[in-house]
Amino acid sequence: MILDFLATFGAQLQKPTLAFLIGGMVLAALGSRFEIPDAIYRFVVALLLLRIGLGAGIEIREADLAELIVPAILAMVLGAGIVLLGRFTLGKLPGVRVEDGVATAGLFGAVSASTLAAGMVMLDAESVAFEGWVPALYPFMDIPALITAIVLAQLHRKRKEGTEGRVALWPIIVDSLRGAALSALLLGLALGLLARPESVYESFYDPLFRGLLSILMLVMGMEAYSRLAELRRVAHVYAAYAVAAPLVHGLLGFGAGYVAHVLTGFSPGGAVLLAVMAASSSDISGPPTLRAAIPTANPSAYVGSSTGIGTPVALLSIPLWLALAETVFPA
Amino acid sequence: MILDFLATFGAQLQKPTLAFLIGGMVLAALGSRFEIPDAIYRFVVALLLLRIGLGAGIEIREADLAELIVPAILAMVLGAGIVLLGRFTLGKLPGVRVEDGVATAGLFGAVSASTLAAGMVMLDAESVAFEGWVPALYPFMDIPALITAIVLAQLHRKRKEGTEGRVALWPIIVDSLRGAALSALLLGLALGLLARPESVYESFYDPLFRGLLSILMLVMGMEAYSRLAELRRVAHVYAAYAVAAPLVHGLLGFGAGYVAHVLTGFSPGGAVLLAVMAASSSDISGPPTLRAAIPTANPSAYVGSSTGIGTPVALLSIPLWLALAETVFPA
Amino acid sequence: MILDFLATFGAQLQKPTLAFLIGGMVLAALGSRFEIPDAIYRFVVALLLLRIGLGAGIEIREADLAELIVPAILAMVLGAGIVLLGRFTLGKLPGVRVEDGVATAGLFGAVSASTLAAGMVMLDAESVAFEGWVPALYPFMDIPALITAIVLAQLHRKRKEGTEGRVALWPIIVDSLRGAALSALLLGLALGLLARPESVYESFYDPLFRGLLSILMLVMGMEAYSRLAELRRVAHVYAAYAVAAPLVHGLLGFGAGYVAHVLTGFSPGGAVLLAVMAASSSDISGPPTLRAAIPTANPSAYVGSSTGIGTPVALLSIPLWLALAETVFPA
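Taken in sequence, the protein lines are chains A, B and C.
Take 1 as the starting number for the first sequence in my numbering and just add one per residue.
Take 332 as the starting number for the second sequence in my numbering and just add one per residue.
Take 663 as the starting number for the third sequence in my numbering and just add one per residue.
Derived by calculation from the structure, the hints in this document are not laboratory data.
Fair warning: there could be bad hints in the mix.
To be verified - Chain C side only, calculated, beta carbon under 10 Å to chain B, not exhaustive: (1) Asp700; (2) His818; (3) Arg821; (4) Leu874.
Every residue, glycine too, gets a C-beta built ideally from N, C-alpha and C.
Bound-form chain A, shown alone:
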């Protein structure tokens, strides 16, 4: 069975998505001067998020909203829960400052659009069906995670400073909604839901999805390699956390998907995507949000562990959730 898994895993590494990721890491490791201009990177991310939002919005229009409630609540619990779990795990480890641990846990609780996109493309390639609105669970997991991290950081500061007082939640929520990634996703959702963007979705956003994702994987592979250097400057426990967290969080996400399956008939593909979102860590909107909200945290720690290790591990573990779904859910 392990051999069988290794064979499947090897086959998945040859699929474009993971192959381009590994290609990017190899290029960076060999010291190549190849690069994708930053303007292109940001545009590709915007297109992918619009595509994910549009697709989910168009599907939600026809969907039974009652079905969405259970997975959405589970996504919120996962987002906040992963951050709390991370904060207390990292808090017990040696050499970890509270702010750094909170920011790291926040990124690992938040969601990566590119990892989600990779999961969607890989499910498609395997012809595993999922409810079209599942990608719309993204903000339900992402926002609670970022808010939990920022609130934990503010509580810690107030305790240190000896001041008391409540933490204002609303400005934190508004600020995460205004981030570039969530804005693009929610804009896509709103357009898919309220307008009739099918013509442009089918002629432009959807056909370019796979190709643009391959570009993004290249960038993320190169970025992951270069962030590893930063990670060496901080405590080694970050690396250990960054390897283990995506696997643990993915299992939690998969478990939540299984619960939703039992309760409301949530699809196996949906459970895989919930695992992918839980395993992923925010690479685009999370870092600047946390940098602004928790200025005392060290970006080498949280960006290094998330982009340098967390994201590749999350991407490489997608075949794991696919294999798990095949085993757990009867065909």
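Once you've looked at the hints, dock chains B and C against the given chain A.
Using the frame of chain A, we list chains B and C on its own:
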């Protein structure tokens, strides 16, 4: 009938083109940090203009050039006439400096490639036919408008300075032809006319047209909202002019199209596009051209009124010309 | 027969590839302010190189590697031989410094990805078949050319300084492999060979190939015109060399292809591509590589002659190799 119009208008707002425009305005109004990198914006505009030029050039090759003469002359008269009309309307309003009024009228007389592209896509979506060479009328309206504005500004300056002498027309014409937008359009036209670019037109420029336009509409919506703030700093009459002008100019353009229909059998779709061009105000090449040629004019006045109000009004009025064509021209 | 050739040549100038090149030159000559942002240019080049590499890699998987050996050796000999030929030709001409001559010969020996892409698209348009792995000969010609030039320059410096000692080859090889262009091509090759990127190749990289090439031709046309001005500042012999070299090198490449045809049945289309590669001069990775490795050479000389004259001549001579193949190889 008004209810009927409102229903049609509501349906048009759901079409991708206008929905993305409104989406962009809402994003900006909510303070989102979403943005399309400037390099992408400029490239998307270049591709749309090449696409418009190539398409028109390919069509002109087969067209009866005699048919083109009447609409082309009407376009020139419209371009220059709108600027003269605007200069004397704005000149009578309180708080308007002559240079600012002339520059504003110049932008509203010139043509917006993105508004024209939106009109083309919306006619296509409604299956309303038009002569393939109609988009080639763009420079016939755009250049006379910019030239009229620059000449009016130079005449005003000479009168103020008490100097006499003729205004040199040729350098102004050459300079507008060298602008990025007109260059791209004319290059496309020339390639469509003299070369055989069908293979690349059909495999690349045409299929990407709608999708790229949706990106551009997003940018224009965000840009419009942020320009509104600038407009608040200048006299309120600019806002009134910017709301009324696209409607008045569009009606003039539609009327000219009707005249061409009676004289030479110009198509109803062609009349709609002539109205769209007349209603539009230049957003890409016009502002820098006027900034260089009329340095004493205040950009907050002319760019604010054109990009902040004129362009969204022109885009939102496209369904009006479509509805008018359905009423005026018998099926 | 000359009339026949001129007619064929005229028809080729109307094909999108060459028409966009000429369009770019005309735009620049007329002083247009049209431009393609640099980030877009670099991205388009990266996509074309990935496409060339992926396509070749997928083909090599099925290919008989024994067939590849003879053309690969011939490509290496051509790359190094063209540089040696250029160094001694330019060395005998008046007003040419050794470093400048070596760098110029180096660029003309190296390969241009965009010229190769143009050759591939033009062969496709004429339905002339070639072995899918032929584009993979690129590095076999490019690397020996750059290495030969750098070694010649280092030998010259050591002789001038009176020092002795061997030139280290390995660092030069590694450095050229790390260049942006070769990295992208080799990444594509490796992914095509080791992974299964067919889905993304067929849905993204291949369909965009022609369109992106048309953009690149525009940029190269504009760039060629603006480099001509630089060339005027250096000795006129550079211009003579830049006109003659692509034709001579293309003939050498075509001859090598003919030899391979006789020896191993290399296809006529393959001989044309070998001629195109030999005629081309490096425009993307060559200049920065040589600037770093031969800092005493004058870029106005080598970039001016290569980008200003060599590249347009190489592109415009592609129909020549096509016509030659039709004559030399029996149908």
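Right, here's what the structure says about each hint:
1. Asp700: Holds. Min distance 7 Å.
2. His818: Constraint on C/His818 not satisfied, violated at 41 Å.
3. Arg821: Violated, because the Cβ-Cβ distance from C/Arg821 to chain B comes to roughly 46 Å (cut-off 10 Å).
4. Leu874: 8 Å, holds
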